[in-house]
Amino acid sequence: MTGTQLGAAGAGTDGVDGPGRGTPVLTVRDLSVGFTTEDGTVSAVDAVSFDVWPGEVLAVVGESGCGKSVTAMSLSGLLPRAARVTGSVLLEGTELVGAGDRRLRRIRGDDIAYIFQEPMTSLNPVFTVGRQIIEVLRLHQGMSRRQAADRAVELLTLVGIPSPARRVGEYPHQLSGGMRQRVMIAMALACDPKVLVADEPTTALDVTVQAAILDLLRDLGRRLGTAIVLITHDLGVVADIADRVVVMYAGRVVETAPTEDLFDTPRHHYTTGLLGAVPTAGRRASNGRLQEIPGLVPVLSEQPDACTFADRCPAASDRCRASRPPLAPETTDRTVHRFACWHPAGHRADLAAEPPVDHQERP
Amino acid sequence: MRAYLLRRLWQSALTLVLATIVVFLGVRALPGDPALAFAGEERDPASLAAIRAQYGFDDPLLLQYGTFVANSLQGDLGRSTRTDIPVTEMLAAALPVTLELAVLSLAVAIVIGVGAGVLAAVRQGRPAEWAANAVALLGLSVPNFWLGLILILYLAVGAGLFPASGYVPFTEDPLANLHHLVLPALVLGTGLAAVVMRQTRSSMLEALGADYIRTARAKGLGPGALIGRHALRNSLVVVVTIVGLQLGGLISGAVVTERIFGLPGFGKMTLDAVFQRDYPVIQGVVLVTASAYIIVNFLVDLAYSLIDPRIRVAGAAT
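Quick mapping for you: the protein sequence lines, in order, are chains R and L. Numbering (numbering that gives the first Met the number 0) for the first sequence: 0 to 362. Numbering (numbering that gives the first Met the number 0) for the second sequence: 0 to 317.
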């Protein structure tokens, strides 16, 4: 078990990385998740720490297999029994790691709600959408059937579903993908949760619908004061709605910063790699191709005392393979930018000055 | 939906007609002569011819079939060549017995099968699953007649808990009626229970791994609501299908079971009729059985749409 990265970085316990006011609603410290499989143990998440403030959108980004979803599921104990979770998840001061099943069930859907990637399969096909919303209202708010039914229509109105009184009696297959995701959002917001975890909420949707769903999420989060933890691999989504970003790689947080800072001055080479792989109108790499990060995310049986990105990193040195870089802060006048890298990248302007050598454009 | 119903009705009628043709020809293809069986010792050609003429067995096949269909439509299935009792009367007496046996066996199969299937799925990889699987394998492997005899030997004759054979009509004494049917229903139900159990287990496992179960867990639902409400409802389509398909097996199983327990149902009636080459009775039994089979499958199709709303729309669209 590694020491508290934030503590080691001398940042105290919390209150520095966020908007700098009030207290975080969710505080995650040294969260680690391991799975015991037939082939041995797999370390999926390693000593992850972050805070989430009310009303903000915190994006957790990374490639597939970086531990984003496992982190999200572990927040309220949704992982299968085979998972070993250590560390701490505090919801307004209440410890959730190791909490009893009964207690976690009271929190799920009520204080911490979820939206998943596939609205197609995430709703139960044999119940009307109304019934699925009513179910959560009756469970946590103790509403009567009638009250809950009325509230379900209100919620569908809130998420922008036309003729909600009719839609409430329809089955998931009668709705479009975007409508279904709106229903999922309505269901998640039903009990006015403190934290909404959205795991790739727009990945399965048409591009035109994605923007509408993202707008809706951001708008509702601001209006209701709900903190949103947005799990995504899509940096376009991040740029659209996130206030702050946590970049994960192979189960570790490698960089965290306010969205603008991260896009302007990415310091970890994994982040620069991710940004380089985003197509942008007007910006062309020197050879007209998108840059990709070579290689794959490793599956680790244990976390090495080294930078796990070293094998794919253009700036890797012996030091990277010999010792693990801490998630160290770099504080400017307003913000805190943390990154775990021995050889941090410079500004984006610097990056542009050192493009991969391109023979064809050379005269 | 209405177009769908009409189309299903039309298909059902066609199936029924085909069934009558098959059984009509099948009975006559059997070796043996009903007139010989009926005449017994008296085998002079004149009386045999008279018997044949009386029941119309000397008419051309097509005419015989036409008469059979025309009479059936008027509710006349002919008279038994053995007892001269109208077939409809015999059916009316035997049908309730078999129907009751079938319903009770189904109840046994569903309660045991669905219960054990859910248990096996929820406790996957633990002793409860192994136990349920072992019992299911046993239920599939053990023949009806053997289980029946063993139950009679130990529970009826040995322990005296149940009557070994016989039947009391429900209208006469409901309790005694049920008492007589417990063992036959158990015997007939266990085989089906094993099939239901295995199907329930696999469709339950599939349902439990579905995304909507993750959603339901994320809503804070407890195991009861997860399994009993969200997962089970989705597994039921498969279970209902199996039950519908297994009805044929249930009917043939009833023949043996009724024989063992001396129940005066369809099974006994069919066996007796086959041995006696009692054409009208065989035809009548098969006609009713085929109708029952067709009706049940029709009901199963309707049940789908009640369980899974997506099927309703698919049916209506065609």
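What the hints contain is simulated information worked out from the structure, not anything from laboratory work. Treat the numbers as computed from the prediction; the structure is a model and nothing was measured. Quick reminder that beta carbons are idealized off the backbone N, C-alpha and C, glycines included. One should not assume that every hint holds.
[Unchecked claim] Examples of chain R residues lying across from chain L (beta carbon under 8 angstroms, computed):
id, residue
1, Phe-34
2, Thr-36
3, Leu-77
4, Arg-80
5, Ala-81
6, Glu-91
7, Thr-120
8, Ser-121
9, Asn-123
10, Leu-138
11, His-139
[Claimed, not checked] Just so you have them, the derived chain R footprint on chain L, three or more residues with Cβ under 8 angstroms:
id, stretch
12, 145–152
13, 207–213
14, 227–233
[Said to hold, decoys possible] A short list of chain L residues far from chain R (calculated; beta carbon distances all over 12 angstroms):
id, residue
15, Leu-8
16, Ser-11
17, Gln-63
18, Val-102
19, Leu-174
20, Leu-185
21, Pro-222
22, Val-236
23, Ile-241
24, Ile-250
25, Leu-286
26, Val-287
27, Leu-305
28, Ile-306
Taking the hints in turn, this is what the structure says about them:
Look at Phe-34(R): its Cβ only gets to about 16 angstroms from chain L, farther than 8 angstroms, so that hint breaks. For Thr-36(R), the interface hint is violated, the least distance from its beta-carbon to any beta-carbon of chain L being 14 angstroms, above 8 angstroms. Hint status for Leu-77(R) relative to chain L: holds, with the closest Cβ pair at about 6 angstroms, below 8 angstroms. Taking 8 angstroms as the C-beta contact cut-off toward chain L, the hint placing Arg-80(R) at the interface is violated, the least distance being around 11 angstroms.
The interface hint given for Ala-81(R) is broken, as the beta carbon of that residue sits about 11 angstroms from the closest beta carbon of chain L, more than 8 angstroms. The interface hint given for Glu-91(R) is violated, since its Cβ lies 17 angstroms from the closest Cβ of chain L, which is over the 8 angstroms cut-off. For Thr-120(R), the interface hint holds, since its Cβ comes within 8 angstroms of a Cβ in chain L; the closest pair sits about 4 angstroms apart. Annotation: Ser-121(R) was flagged as interfacial toward chain L, and the flag holds, the nearest CB pair being 5 angstroms apart, inside 8 angstroms.
Residue-level restraint check for Asn-123(R) holds (minimum Cβ-Cβ distance to chain L is 4 angstroms; threshold 8 angstroms). Hint status for Leu-138(R) relative to chain L: holds, with the closest Cβ pair at about 6 angstroms, below 8 angstroms. Using the Cβ-Cβ criterion of 8 angstroms, the hint placing His-139(R) at the interface with chain L is satisfied: the shortest such distance is roughly 6 angstroms. Residues of the stretch 145–152 of chain L with a Cβ under 8 angstroms from some Cβ of chain R number 0, which does not satisfy the need for three, so the listed coverage is violated.
Note: the stretch 207–213 of chain L has 4 residues with beta-carbon separation from chain R under 8 angstroms; the three-residue rule is met and the coverage holds. Only residues whose C-beta sits within less than 8 angstroms of a C-beta in chain R count toward coverage, and the stretch 227–233 of chain L has 3 of them, enough to reach three; the restraint holds. Taking the minimum C-beta to C-beta distance to chain R, about 26 angstroms, the non-interface status of Leu-8(L) holds against the 12 angstroms cut. Under the 12 angstroms C-beta cut-off, the non-interface status given to Ser-11(L) relative to chain R holds; the minimum distance is some 26 angstroms.
No Cβ of chain R comes within 12 angstroms of the Cβ of Gln-63(L); the nearest lies about 50 angstroms off, and the non-interface call holds. Under the 12 angstroms C-beta cut-off, the non-interface status given to Val-102(L) relative to chain R holds; the minimum distance is some 26 angstroms. The Cβ of Leu-174(L) lies farther than 12 angstroms from every Cβ of chain R, with a closest approach of about 39 angstroms, so its non-interface assignment holds. Annotated as non-interface, Leu-185(L) keeps its C-beta farther than 12 angstroms from every C-beta of chain R; the closest such distance is 32 angstroms.
The claim that Pro-222(L) is not at the interface with chain R is violated, since a C-beta of that chain comes within 12 angstroms of its own (minimum 9 angstroms). With a least beta-carbon separation of about 9 angstroms from chain R, Val-236(L) fails to lie farther than 12 angstroms from that chain, contradicting its non-interface assignment. Every Cβ of chain R is farther than 12 angstroms from the Cβ of Ile-241(L); the closest lies at roughly 18 angstroms, confirming the non-interface assignment. Separation of Ile-250(L) from chain R is adequate, the least Cβ-Cβ distance of about 31 angstroms exceeding the 12 angstroms criterion.
Every C-beta of chain R lies more than 12 angstroms from that of Leu-286(L), the closest at about 37 angstroms, which supports listing it as non-interface. Distance check on Val-287(L): its Cβ is at least 35 angstroms (rounded) from any Cβ of chain R, clearing the 12 angstroms threshold; non-interface status holds. For Leu-305(L), the non-interface assignment is contradicted: its Cβ lies about 10 angstroms from the closest Cβ of chain R, within the 12 angstroms cut-off. Against the 12 angstroms criterion, Ile-306(L) falls within the reach of chain R, whose nearest CB is about 7 angstroms from its own CB.
Hints 1, 2, 4, 5, 6, 12, 21, 22, 27 and 28 from the list above are not met by this structure, while the remaining hints are.
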